[in-house]
Amino acid sequence: MKEIQAGDITNTIARLFEHSCHYLPPDVIAALKQAKEKEKSQVCRDVLDRILENVEIAGKEQIPLCQDTGAAVVMLELGQEVHITKGDLYTAVNAGVRQGHDKGYLRKSIVSQPCFARVNTQDNTPAMIHTDIVPGDRLKISVLPKGGGSENCSSLTVLTPAEGRQGVVDFVVNLVDEVGSNPCPPVIIGVGIGGTTDKAMFIAKKALLRKVGEPSPDPEVADLEREILGRVNNLGIGAMGYGGTVTALAVHAETFPCHIASMPVAVNMQCWCARREEAVL
Amino acid sequence: MSKKVTLPLTDEVLKDLKTGDNLLLTGVIYTARDAVHKRMVEALGQGKPLPFDIKGATIYYMGPTPTRPGRIIGSAGPTTSSRMDAYALRLITEGLKGMIGKGSRSGDVKDAMVKYKAVYLGAIGGAGALISRSIKKAEVVAYEELGAEALRRLEVEDFHVTVVNDIYGGDLYEEGKAKYQVKTP
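Protein sequences, first through last, are from chains A and B.
Under our numbering, the first residue of the first sequence is numbered 7, with each subsequent residue one higher.
Under our numbering, the first residue of the second sequence is numbered 1494, with each subsequent residue one higher.
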């Protein structure tokens, strides 16, 4: 058994949020640079240049990449041999969100009641916490500051098994077409196929933790990702929707076994400003 | 090639702006998001005055990150404009001439831009750090309790935007997409 102090979790979460809102992961930056090489529209190449300039300024001058520093999504992989001391896990996570948003001058974008008073909670809590219990004695923390603009373009449906693979492709492509410029393209498209509806959206979001452009280890799924990406980039939406050949940087699909009667498909949309970071305690 | 434009957007200026033009805006703009729009349209409904003169004004759909000490403003990129569609029509009829945001507008708002002569300008979503450099002065003028969503008066210099919808019915999203779309059988 290993002991992890709640305070260490708080400090780690704070650091991850503050840092991730100022620095994009190297794989995202590489994908944006690659997009610029591939893009045929001069207008969109100019947009990508400005996006890359923004990335530089954010880190250098310590100004968040985007003013929407997001809802605080936190994914935990908690080893079953871990014993958390001097506090409880979720209180520690929320304290970290509070601290990171305060110290990092990040925007507080959470309101207490979704369809009633909508009063700002002033500290960006509560975090959206997902916990997996896994073997071992480590705690892996992944944070995903998730902007509202792209999250609002997410969608979920339940297809019939008869609609099959083609149904999945069409659902995702039609959604990207419909939301157009709204999610801040070039986007990263998280796709969750199977499970029950809750599971489908969860794995769609989890797919966004993957390094951009890293294909699924399952060749059938990787092939599906390639086909969707190709079709999405034929839509002509381009960076910021100004018309171009790179609408998505990547499609990340995850699958899970499902009921004989069902085929849930979830899409979790991610803007180009794909902030994410992780740490292991 | 970017065109320098000094605000306010008069009819004289608007007539030369075409979909796809890149502009460098200098002058005064006001920030407003969902909550401020709701309040402004409610005020108009009650016959109350707005916190600023809407005639000829330009609104930027933006709520910044908190300002670090010694700085003018935090990260300051655009939010999704379609959420303001429900209120924009009313403000356009009151004399609003410019809207800055990202993402497409409703048919009603696009029609109103032609009818009442107003434009919609796109700023790069997510480029809040870059955009903050063109903001030279920022002050909250109303609804301070809304925090990031409060109504702010900004003085901008060479704020880079792209004309999405002009007063002639042009739409960059539709035109750009048509140019690069590859039809799949």
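Since the hints were derived computationally from the structure, they do not count as laboratory data.
Beta carbons are placed, not taken as given, at the ideal position from N, Cα and C, and that holds for glycine.
Keep in mind that the hints are not guaranteed to be accurate.
[Stated by the list, open to error] Partial pick of chain A residues on the chain B-facing surface, computed with a CB cut under 8 Å:
1. Y111
2. R113
3. S118
4. P120
5. C121
6. P141
7. L162
8. T166
9. S187
10. I243
Structure-based check of each hint:
| no. | hint | verdict |
| --- | --- | --- |
| 1 | Y111 | holds, 5 Å |
| 2 | R113 | holds, 4 Å |
| 3 | S118 | violated, 13 Å |
| 4 | P120 | violated, 13 Å |
| 5 | C121 | violated, 14 Å |
| 6 | P141 | violated, 38 Å |
| 7 | L162 | violated, 20 Å |
| 8 | T166 | violated, 23 Å |
| 9 | S187 | holds, 5 Å |
| 10 | I243 | holds, 6 Å |
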